[in-house]
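Numbering (the UniProt record's numbering), first residue to last: 1 to 209.
Just so you know, these hints were derived from the structure itself, not from any lab. Since we're looking at a predicted model, the values are computed, not measured. Don't take each hint at face value.
[To be verified] Pairs of lysine to aspartate or glutamate residues, derived as DMTMM-like cross-links and limited to a Cα-Cα distance of at most 25 Å, are as follows: (1) 32 <-> 126; (2) 50 <-> 40; (3) 144 <-> 134; (4) 144 <-> 186; (5) 50 <-> 77; (6) 144 <-> 184.
[Stated by the list, open to error] Ranges between beta-carbon positions, derived for each pair: (7) 12 <-> 38: 38 to 46 Å; (8) 158 <-> 36: 28 to 36 Å; (9) 186 <-> 38: 29 to 37 Å.
For each residue, glycine too, the CB sits at the ideal point set by N, CA and C.
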Amino acid sequence: MAQKFRAARSDEERQARLQSILSAALDAFAEKGLGASRLEDIATRAAIAKGTIYLYFPSKQAVFEELIRTSIVLPVDSLRTELLAQDLSAQTVFGLLSHWVRNEFLGTDREIIARLILSEVGRFPEIAAFCHRELVHPVMEFLKQIAQRACERGEFGSNVLVRFPQLAVASVLVAITWNDLFQDVEPLDLGAMIESHLDLLQRAMRSDL
1 MAQKFRAARS DEERQARLQS ILSAALDAFA EKGLGASRLE DIATRAAIAK
51 GTIYLYFPSK QAVFEELIRT SIVLPVDSLR TELLAQDLSA QTVFGLLSHW
101 VRNEFLGTDR EIIARLILSE VGRFPEIAAF CHRELVHPVM EFLKQIAQRA
151 CERGEFGSNV LVRFPQLAVA SVLVAITWND LFQDVEPLDL GAMIESHLDL
201 LQRAMRSDL
């Protein structure tokens with residue numbers, strides 16, 4: 001029993017250490033950028049020995065990919081699975097997506113990570129490939145499914161969103177960029193902007209227009 005308890009506690013300790021490293025990494029990447037940050041910087045911020053971090057991650061790239069996976073990919077995968085499992089209208093799905101972006105993305109660590117992806121990953125082809133494989137492609141396929149289902153039901157009279165699902169996330173990219181560059185000088189209600197964009201997009205897709 002004592003041995004099992006110790007193993008469980010070790011797992012908890014490992015998870016706590018892992019979260020500490022990821023938190024330190026996010027701080028370092030946000031402050032210095034992905035290119036200028038080093039594993040040694042992350043270890044210092046996490047208050048661990050320089051060599052300890054290599055027990056968890058072999059490279060800076062692996063750290064950033066884990067940040068993306070745990071903070072964005074897994075929650076988005078869970079949301080996709082939940083929405084696809086229900087027989088919901090496109091309007092309801094887009095409304096729930098807007099709600100998630102407003103409450104679970106904007107102003108959170110997820111937005112910081114997304115900003116880093118947009119600004120930094122062009123210089124890291126392997127991370128770009130990871131983002132496309134694990135996040136972008138699945139989200140685009142999900143949006144295609146929702147749009148295709150809406151077309152088949154007569155909710156949409158156009159297949160534009162089936163062909164170009166990127167249109168559905170365009171306002172999120174604008175929000176990230178605006179928040180990073182201009183929000184201090186010209187504040188916008190970014191959540192409302194995203195909701196308005198999706199509403200306009202759906203109106204344009206409907207067969208009764």
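Results for each hint:
Restraint check: the Cα-Cα separation between residue 32 and residue 126 comes to about 20 Å, which is no more than 25 Å; the hinted pair holds. Between residue 50 and residue 40 the alpha-carbon distance is near 6 Å, which keeps this suggested pair within the 25 Å criterion. A hinted pair counts as satisfied when its Cα atoms are at most 25 Å apart, and residue 144 with residue 134 qualifies at roughly 16 Å. For the hint pairing residue 144 with residue 186, the CA-to-CA distance comes to about 34 Å; that exceeds 25 Å, so the pair is violated.
With a C-alpha separation of about 33 Å, the suggested pair residue 50 and residue 77 falls outside the 25 Å cut-off, and the hint is violated. Taking the CA atoms of residue 144 and residue 184, the gap is about 35 Å. The hint is violated against a cut of 25 Å. Checked against the given bound of 38 to 46 Å, the beta carbons of residue 12 and residue 38, roughly 28 Å apart, lie outside it. The hinted range of 28 to 36 Å is not satisfied by residue 158 and residue 36, whose Cβ atoms lie roughly 45 Å apart.
In this structure, residue 186 and residue 38 meet the distance hint of 29 to 37 Å, their C-beta atoms being roughly 36 Å apart.
Figure legend: structure checked against the earlier numbered hints; hints not met, in rising order: 4, 5, 6, 7, 8.
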